[in-house]
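**Q** These are the residues of each chain, in order.
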Amino acid sequence: AEMAARLSENRLVSLPLSRIRVIMKSSPEVSSINQDALFLTAKATELFVQYLASYSYKHGRGKEKNALTYSDLSHTAEECETFQFLADILPKKILASKYLKMLEKEKRDGEVREEDEEEEEEDEDAVG
Amino acid sequence: MAERPEDLNLPNAVITRIIKEALPDGVNISKEARSAISRAASVFVLYATSCANNFAMKGKRKTLNAGDVLSAMEEMEFQRFMVPLKESLEAYRREQKGKKEARKDKDKKADSEEQDKREEDNDDDDERMEEEEPNDEEEVDN
Numbered sequence: 002a003e004m005a006a007r008l009s010e011n012r013l014v015s016l017p018l019s020r021i022r023v024i025m026k027s028s029p030e031v032s033s034i035n036q037d038a039l040f041l042t043a044k045a046t047e048l049f050v051q052y053l054a055s056y057s058y059k060h061g062r063g064k065e066k067n068a069l070t071y072s073d074l075s076h077t078a079e080e081c082e083t084f085q086f087l088a089d090i091l092p093k094k095i096l097a098s099k100y101l102k103m104l105e106k107e108k109r110d111g112e113v114r115e116e117d118e119e120e121e122e123e124d125e126d127a128v129g
Numbered sequence: 005m006a007e008r009p010e011d012l013n014l015p016n017a018v019i020t021r022i023i024k025e026a027l028p029d030g031v032n033i034s035k036e037a038r039s040a041i042s043r044a045a046s047v048f049v050l051y052a053t054s055c056a057n058n059f060a061m062k063g064k065r066k067t068l069n070a071g072d073v074l075s076a077m078e079e080m081e082f083q084r085f086m087v088p089l090k091e092s093l094e095a096y097r098r099e100q101k102g103k104k105e106a107r108k109d110k111d112k113k114a115d116s117e118e119q120d121k122r123e124e125d126n127d128d129d130d131e132r133m134e135e136e137e138p139n140d141e142e143e144v145d146n
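Residue numbers (my numbering), protein chains in the order written: chain A, 2 to 129; chain B, 5 to 146.
Hints listed in this document are in silico derivations from the structure and should not be mistaken for laboratory results. Careful, some of the hints might be misleading.
Said to hold, decoys possible - As a list, the in silico DSS-like pairs of lysine-lysine whose alpha-carbon atoms are at most 30 Å apart:
id	chain 1	residue 1	chain 2	residue 2
1	B	Lys66	A	Lys26
2	A	Lys26	B	Lys112
3	B	Lys66	A	Lys59
4	A	Lys93	B	Lys35
5	B	Lys35	A	Lys66
6	B	Lys35	A	Lys26
7	A	Lys59	B	Lys24
8	A	Lys93	B	Lys24
9	B	Lys104	A	Lys26
10	B	Lys24	A	Lys26
11	B	Lys64	A	Lys64
12	B	Lys24	A	Lys94
13	A	Lys26	B	Lys121
14	A	Lys26	B	Lys103
15	A	Lys94	B	Lys35
16	B	Lys35	A	Lys99
Just so we're clear, the structure is a prediction, and the values are computed from it rather than from any experiment.
The task is simple: from the sequences and hints, build the whole structure.
**A** Below you can see the structure in the form of structure tokens.
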């Protein structure tokens, strides 16, 4: 495993192109992908992972304990416009008790504002 | 589609290594954080592909090319990736070209070795009266 890691260091990209290709092809509108485009997507994904990790660490609270935490990532998705496309898959975590209180409040508000109440869309499909 | 859920994920070991390269030494990464980044990376690929595909369609092409991906990065506001991506692409193209030429040379070499072998055998056969047909490459000479 170590040997493989050392070899990877000399390669231009570490993420496996075959796997990147599978993900890309799962998009129904995509017909074919040329080799350069595949390489660039893999490389861009690596740069993205590095950017997301370093940005989140820099702006988060996890570093107080020398760590990168889920909360740091979720915070980034919420606060930084560039990463907002991740907001649905990196939701903020709240305590169950808080969530239940929120629901109760919403219900009460709904009863008062019955006429004005907008119907909330159910957003099931976050990302295609 | 027909993919299993795990096929749309990227290998954990590689993701972890990439994260570590981006952070100061010794920083801990929770399993949850690693898993979240991995999912984010997959989403990124989908988003980038969709965006690149729009550029391909605008150009009336069915094949995504390098330009489409670069345009997508700009559109997604990842301009900071442009220079490193272009540099990597150049290196990648050189590498691919090198590999292709190595293969061509290897084939050429194999061909000329076959040729030499055939010529040697033909010399031996000159002593015989009968005319021989040129050997096929596949044939094994005695």
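**Q** Now tell me, hint by hint, if it's right for this structure.
**A** Evaluated hints:
For a cut-off of 30 Å, the pair hint linking Lys66(B) to Lys26(A) stands: about 13 Å separates their Cα positions. Between the alpha carbons of Lys26(A) and Lys112(B) the distance comes to roughly 36 Å, so the proposed pair goes past 30 Å and is violated. The hinted pair formed by Lys66(B) and Lys59(A) fails the criterion: a straight-line CA distance of about 41 Å is larger than 30 Å. With a C-alpha separation of about 17 Å, the suggested pair Lys93(A) and Lys35(B) falls inside the 30 Å cut-off, and the hint holds.
Taken as a hint, the Lys35(B) and Lys66(A) pair is honoured in the structure, with Cα atoms around 15 Å apart against an allowance of 30 Å. Between the alpha carbons of Lys35(B) and Lys26(A) the distance comes to roughly 28 Å, so the proposed pair stays at or under 30 Å and holds. Annotation: proposed proximity of Lys59(A) to Lys24(B) holds, straight-line Cα distance about 14 Å (limit 30 Å). About 24 Å separates the Cα atoms of Lys93(A) and Lys24(B), which keeps this hinted pair within 30 Å; it holds.
This hinted pair checks out: Lys104(B) and Lys26(A) have alpha carbons roughly 26 Å apart, not beyond 30 Å. For the given pair, Lys24(B) sits about 29 Å from Lys26(A) by alpha-carbon distance, which is consistent with the 30 Å threshold. Of the pairs offered as hints, the one joining Lys64(B) and Lys64(A) is violated, with about 48 Å between alpha carbons and a cut-off of 30 Å exceeded. Pair hint Lys24(B) plus Lys94(A) holds up; C-alpha atoms about 24 Å apart against a cutoff of 30 Å.
For a cut-off of 30 Å, the pair hint linking Lys26(A) to Lys121(B) is broken: about 48 Å separates their Cα positions. Straight-line distance between C-alpha atoms of Lys26(A) and Lys103(B) comes to about 26 Å, which keeps the hinted pair within the 30 Å bound. Restraint check for Lys94(A) and Lys35(B): the C-alpha separation of about 16 Å stays at or below 30 Å, so the hint holds. Between Lys35(B) and Lys99(A), the direct Cα distance comes to roughly 25 Å. Compliance with the 30 Å bound is thereby established for this hinted pair.
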